[in-house]
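**Student:** Chain by chain, the residues run as shown.
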Amino acid sequence: MPQSADKVLDHAELFREPEYKEMLDNKRAKFECGHPSNMVTEIADWTKSWEYREKNLAREALTVNPAKACQPLGAVFAAAGYEGTLSFVHGSQGCVAYYRSHLARHFKEPSSAVSSSMTEDAAVFGGLSNLVDGLANAYALYSPKMIAVSTTCMAEVIGDDLNSFIIKAKEKESVPEDFPVPFAHTPAFVGSHVDGYDNMQKGILSNFWKGAERTPGEGINIIPGFDGFAVGNIRELKRMLGLMGVEATILSDVSDVYDTPSDGEFRMYAGGTTIDEIKEGLNARTTISMQEYCSKKTLEFCEEVGQETASFNYPLGVKGTDEFLMKIAEVAGVEIPESLRLERGRLVDALADSQAYLHGKTYAIYGDPDFVLAMAQFVMEMGGEPKHCLATNGSKAWAKKTEELLASSPFGQGCQVWAGKDLWHLRSILATEPADMLIGNSYGKYLEKDLGIPLIRLNFPIFDRHHHHRFPIFGYQGAISVVVKILDTIFDKLDTEADISFDLTR
Amino acid sequence: MPQSADKVLDHAELFREPEYKEMLDNKRAKFECGHPSNMVTEIADWTKSWEYREKNLAREALTVNPAKACQPLGAVFAAAGYEGTLSFVHGSQGCVAYYRSHLARHFKEPSSAVSSSMTEDAAVFGGLSNLVDGLANAYALYSPKMIAVSTTCMAEVIGDDLNSFIIKAKEKESVPEDFPVPFAHTPAFVGSHVDGYDNMQKGILSNFWKGAERTPGEGINIIPGFDGFAVGNIRELKRMLGLMGVEATILSDVSDVYDTPSDGEFRMYAGGTTIDEIKEGLNARTTISMQEYCSKKTLEFCEEVGQETASFNYPLGVKGTDEFLMKIAEVAGVEIPESLRLERGRLVDALADSQAYLHGKTYAIYGDPDFVLAMAQFVMEMGGEPKHCLATNGSKAWAKKTEELLASSPFGQGCQVWAGKDLWHLRSILATEPADMLIGNSYGKYLEKDLGIPLIRLNFPIFDRHHHHRFPIFGYQGAISVVVKILDTIFDKLDTEADISFDLTR
Amino acid sequence: MSEALKNQVAAVLNEPACATNRSKDDAARKKGCTKQLTPGAAAGGCAFDGAMIALQPVTDVAHLVHAPLACWGNGYDNRGSASSGSDLYRTGFTTDLSELEIVMGQGEKKLFRAIREVIEQQSPAAVFVYSTCTTALVGDDIVPVCKAAAERFGTPVIPIDVPGYVGSKNLGNKLAGEALFKYVVGTMEPEVSTPYDINIIGDFNLSGELWQVKPLLDKLGIRILGSVAGDARYAQIAKMHRARVTMLVCSKALINMARRLEETYGIPFFEGSFYGISDTSAAIRTLCAMLVERGAPADLIDRAEALIAEEEACARAALEPFRPRVAGKRVLLYTGGHKSWSVVSALQELGMEVVGTSVRKATEEDKTRIAEIMGTEAHMFENMAPRDMYAALRAARADVLMSGGRSQFVALKARVPWVDVNQEKHEPYAGYMGMVNLLDAIDRAINNPLWADLRTPAPWDAPPAPAAPVTPLDLSAMAGTRADFEDC
Amino acid sequence: MSEALKNQVAAVLNEPACATNRSKDDAARKKGCTKQLTPGAAAGGCAFDGAMIALQPVTDVAHLVHAPLACWGNGYDNRGSASSGSDLYRTGFTTDLSELEIVMGQGEKKLFRAIREVIEQQSPAAVFVYSTCTTALVGDDIVPVCKAAAERFGTPVIPIDVPGYVGSKNLGNKLAGEALFKYVVGTMEPEVSTPYDINIIGDFNLSGELWQVKPLLDKLGIRILGSVAGDARYAQIAKMHRARVTMLVCSKALINMARRLEETYGIPFFEGSFYGISDTSAAIRTLCAMLVERGAPADLIDRAEALIAEEEACARAALEPFRPRVAGKRVLLYTGGHKSWSVVSALQELGMEVVGTSVRKATEEDKTRIAEIMGTEAHMFENMAPRDMYAALRAARADVLMSGGRSQFVALKARVPWVDVNQEKHEPYAGYMGMVNLLDAIDRAINNPLWADLRTPAPWDAPPAPAAPVTPLDLSAMAGTRADFEDC
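Residue numbers (UniProt numbering), protein chains in the order written: chain X, 1 to 506; chain S, 1 to 506; chain G, 1 to 488; chain R, 1 to 488.
Just so you know, these hints were derived from the structure itself, not from any lab. Any given hint might turn out to be false.
In the BS3-like style, the derived pairs of lysine-lysine whose C-alpha atoms are separated by at most 30 angstroms in a straight line are [to be verified]:
id	chain 1	residue 1	chain 2	residue 2
1	X	Lys319	S	Lys485
2	X	Lys361	S	Lys400
3	S	Lys493	X	Lys27
4	S	Lys485	X	Lys238
5	X	Lys449	S	Lys21
6	X	Lys485	S	Lys493
7	G	Lys109	X	Lys48
8	X	Lys168	X	Lys279
Model the full structure from these sequences, guided by the hints.
**Tutor:** So this is what it looks like as structure tokens:
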């Protein structure tokens, strides 16, 4: 073996050394049951054919590589944005590990959540004792200011009633009577993480607002939604609001939660919206959601308590940001400040400067429903075509809305909407109707490798690149950073493929 | 030909089509004087050998692909940062076109500068009439608030005395007597653009401060230096100063000059430090320069008028930013605010999160002297090795300082400093002692292509990527964006080369 | 759950081959070796997770999870098992059951159709169908569905009945082993049998670790006929009944499978480790001795000794440059059961000081062994809440934490370097040269200048108080909790 | 400067082949065709720049600039000439003279050593040595240095004496042509001569434009024996004395070279353009007619007509889908001399309306032709300061500006699309299909949704006043300046 202390190879390189190559080839020859390589190639090519595509799209029972996560993940994320809040997942013991891993890998930060760890006994007798003991233990172990309870499938299938269970737990003094324990039912077999986010947001707000006396005021609440770029985006949102002289309550502010410093202090809880802010939020005049599909039920509840509501679809780019800021200005009764006008001008200037490279590019966009809508609109603003818009967790209503968006622009002609499809569907779609770029999350890297279409990571989760979420994609300045990612991808490809056109100036 | 209206190819693709390929091959066969391709390959390989390296490094009369520009470019850049200032280059007609192009291509913004357009007559009779007429025309045509005069080689060789020429021009009423016409002698055969920046800064400050009465105060002046990321960096600098509650005068603020919006208004002049701010700057207690090699003479002049001075070498990363902020805090008598402490913690956290990928990477860094010092220090902070530090415009003093920096860290052991070398030297150096990454400017793309070493563009000029300069690399948050660029390069390479190690999580 | 599964769980929990189990009284034995779960604490993996860990490395199989999205949709391709062939195992297949399908009892029909689709569109060597909490609770019986599908489509379809709520990850490992034994082992015959055929059970080829050992076995002529499941092919499980010896690598997770192979096919097994030079040599010696007892030519012993001598010399020489850089450094271990003692041993060989090791997943036997190796029980501790781990890292003044990914950020906040030695690691550490890799990783972690910068106070902070004098630290006395802070 | 150069400049300025020049009186002729420079205005390129533009496309030559850094160090590889072979021309070679070397008169010695180094380390087909302002002013004589170096090293070393201060870019083009004629042309013989051998002078293969035409010539059997300098090799200049016909593409820049080839070697030349379908066809017709007059077989004429018919039909068909997207769009042109009329013609073929064209670099002849084509002088204008161009773009309500890079940002600020048609463009627009490319670029520019968004007021602004009615615009009456706002 070639290993030596002077040149220790990590496994990406180690197993490319000659003797490992030989060993691996032997393995393939002896244990693969030896399909000839030309047959393997033939089959692989067939899986990129229209024939395979038809078969693939006809798939109805099997889901392959879905671009969505489950409700409890969204609930844990929503709860994390409230100060001192511990997520408590009522269900089988193993599920919460996934949520913690998913969030930790994307944000590169600790992600705290606990489980009621139900076993077979609970399947027979119900989960009350697990929840009662669990709340007591969580409260004692972690000293939270709030415990937000969500469910996994098991609790739903056996029919656990969280509301009465929590009442019972307080009677048994697992937690003090006035200690906030909001809850939401979040079975994985309904909807996706965006629904879980919605349910938990509604659960938390209900816990404080239901039955409380409202003194209508002029305040504004903003619900960011489930957002992999929440750290950078919420900070940018606050900066823009500051420039406008507007104060608003961010309902679930994870920007500090998922970006704690290394300064010698361990923060199990850092930042987040305070309980006082939640309570005061009841009196707001308006609650604005930045992601419609993450907040349908929550906004309905806000209307029930007497607030005006508005929602956006992950406002990105010129038009998206314009509309959002105009709404804020309208509700708050302020003007758009010169500083933001300049920022808009700079974004438009950047688009104009680079339009020769942006116009006519084609994209496949996959991810959460709001994000896909936003990104499709933004690429059309640049003269690009969002050829394929896919949301595994997209509904029929979402599909209709997306089709209307595409129909509103000549650059949307011939583009297709794929609601409910997964990334294996997308592989067939792109193998037969390619696009220049993929926009989505880390799971798209298999498509990038397989089909040679560059991937731009702009959605949750991003596991294989670091720290992108610390910079905004919201706002005019955030939109420029999206444009830069797209342009860098275009130029990198130009340079990689160029021979006589390897130009110094682009 | 395959051209059709449905599929118009730009030239990067057009000339890869079969019949063009054939045509081009014929051209090579018939007109190349037919060196056999194996001989071409043999020679090409030889140019990557140690033997060729020795010959290349022995080169003393020929400069190939220098990583520096000339003095007048730096002067034009420095002048651009003052409100309503027009650069006037006294010299032959053609030179100013290069400066305008260079700046326009990097910043994607108009770059205004004029020339005295000397011809043969001036070579014989001197350039006085060109300067007199030129100032009159420039003043009438462009209505500037200040005209900053620099020189090219011709004016220096024929010995034009700018000071007396300007006095004469005012006597002839080319411009009003009290109209500011600072000047600097900036021959291209002395130093480089960083010296031109220094000379022009000194010329401008002298114009207002020399002979003026000083009322010593507590103010702070900051000289940013020649900086391709000036737009993002100066804004970040102002933001950090704002967080500290410190007001400072930026002497040459190009952040708005080179980032004008597209909003229907043409701004020949936008932003920049005002004349009143310059005048008031005389009373500052301290002038701090962010780039030592861009400000040696200027800081000497500041000391002459009674100010304290300090200089840094393009402060980047943890230590660089710490030192700079501590200096500001000391001079201004303020504490470092909690918000900046958190930002530092986040930067350290980002480095810690990614240290498994950053530690042990090797770099070749080329560019301006201050930048190379800063980048070398920062990569060593990450556990990387700055194997080759090259500044074509680096002096012996710079080389010594860089060697001391390298000696201060175990990660600098075995790293080399290349003062005065060009990018063709660097090609031989890297062909024989490779590094994992190149850090520099767009001219490095030939090395990237030739040697397969990925390039990260962090220095002026960046001609073949767009809008990078709109985001800071200064400050703690700016340092995170540098880290992200490095990490993305590392991960992109890992993914491109990976087979069994094509991992979802990094 | 079904009576069949209930009985199987009870049987698995009463593992005759487990020495610990044999020493229990009947009541304790019935309870099994699972730790008591603590509601309200951070929970770790479940039985489904354990089964998936054990089986996903079978690379040419389509792993189809019969569940709502969560169980697999959130987590596909999140392990670092490496493959020399098919990538099929990295694709996330699920029936993604919806509420309507659950309420209406349509799960089994959907499963059958999903199996058809995966076979038609992916041509796997086999399909492993995993049940989960939801499908078990609503009564979907995957066994007859798999049987019908296998008959209909001509591809093996293996039921893995592992709803998460039945128990721990360790239990899931065992249930997976039972399923393989019941449905797969013995269903194919190797083209040739040799006296050098072995099974390796419990290695998952994380970051290619199996491949750091295989060249050694290749040099000795030893063939890995059966594998559960590192870089495995379905055929390598189907044929494992023809091996001569079984080596059990993960000390307890799949012992039931090893025992069954011994009982049913007469294949003796031993437990060994490839972590650390001494353990690697010991494992090779034992393996060769057993092979010779089972009919391999006697010269295998001498060839093995020669190989061991050569490799040990080479490895120790390669390690020497690192020793001065890591000797004396203090390591805190927070890993799973078997790693607790095998890694301690390996690190001590390198002159490092292990200031603490978690025993939260260790068996009594593991704990005894650790006490022997470390010479004291003072360094053993149970689970820790993040803030307690943080305090321990500082109190123990560890220079490096070796653990899995979810402790990473606690370590970093405590400004302590961290090395990933768990299932998601990116570098292989097995075999003789695996130690070189591990040392390099530790060296790079500890000697990254970042830590000095990080620990140096920011220039605006006052200098820290002088360091307290070193006193022996009894980690076992630290306030902690038996709550299950599952890390992997 | 040297007397020799002074005399050469005077001779070049008195170009017998230039009709404009012949119509001048003696005083005007002596002044030459250069525009008067305006001190204090933005200045354009110099003679050195012009020479470099003409010669840099010789791809296998090392272009060595004898100067301080500025002349080449700031700007190497900034043109879009494309090469089918060597990339040597893209490397920036300079003597980078320092102050000490200038003061001490060491420039010539350094130049000699630099020539040696470039030959030893780069093995160029030849070295072109350019003088500049500084080296000319201090009296460095590059001619004997080049001669000595050529003798010493056995490689052609060609002096190009073009200090910037001697005049304009156009003058630099001509001086470059003189140098080639004096030192290079006729120094090599082609292996074979054919009746189809031609020279093309004045095409620089920007973005590969020459290659859009060459296949047409190839189909007719016409060989580009000599090239100045698109995709040229040194040999293609050395052998150009053996061509039968010269086509001059850039209408005035290198006419001196074409004339000398005619006077000395009897090679007739004509001026043509490959911009636009009609011009391309006219150029091919003229070329073939002249070749036949010079001895090519007469069937060339018929073959050319057949090719033209086919290509024109194909091109017009390809253009039709674009016509509805661009017809009626208003174009403002701000380009160099010859492009003024050839591009106007091309665009009108497409149904576009040219609302203005700069004539700042046009000759009187160019202006006459433009007036003919456009039917009025109202659309011609001289140079414009940026803010005036900005106003013109808005007043003329241009839909697109076609210009070089330095006007780009003015257009964008005026919210007018911009298409790069100058030397730095990235797309080729020559020949029949070049029009398709140009249309595509215009279409993409004009129809990018960005412009609608950009022109739509921000939602917080009041709606704009209704647009003023369209009235004929006399751009020539606009306040402007004769100051040289050099754009390329």
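**Student:** So, for every hint listed, does it hold in this structure?
**Tutor:** A quick look at each hint next to the structure:
no.: 1; hint: X/Lys319 to S/Lys485; result: 29 angstroms, holds
no.: 2; hint: X/Lys361 to S/Lys400; result: 49 angstroms, violated
no.: 3; hint: S/Lys493 to X/Lys27; result: 27 angstroms, holds
no.: 4; hint: S/Lys485 to X/Lys238; result: 26 angstroms, holds
no.: 5; hint: X/Lys449 to S/Lys21; result: 28 angstroms, holds
no.: 6; hint: X/Lys485 to S/Lys493; result: 17 angstroms, holds
no.: 7; hint: G/Lys109 to X/Lys48; result: 29 angstroms, holds
no.: 8; hint: X/Lys168 to X/Lys279; result: 24 angstroms, holds
In the structure shown, a violation is registered for the earlier hint numbered 2 alone.
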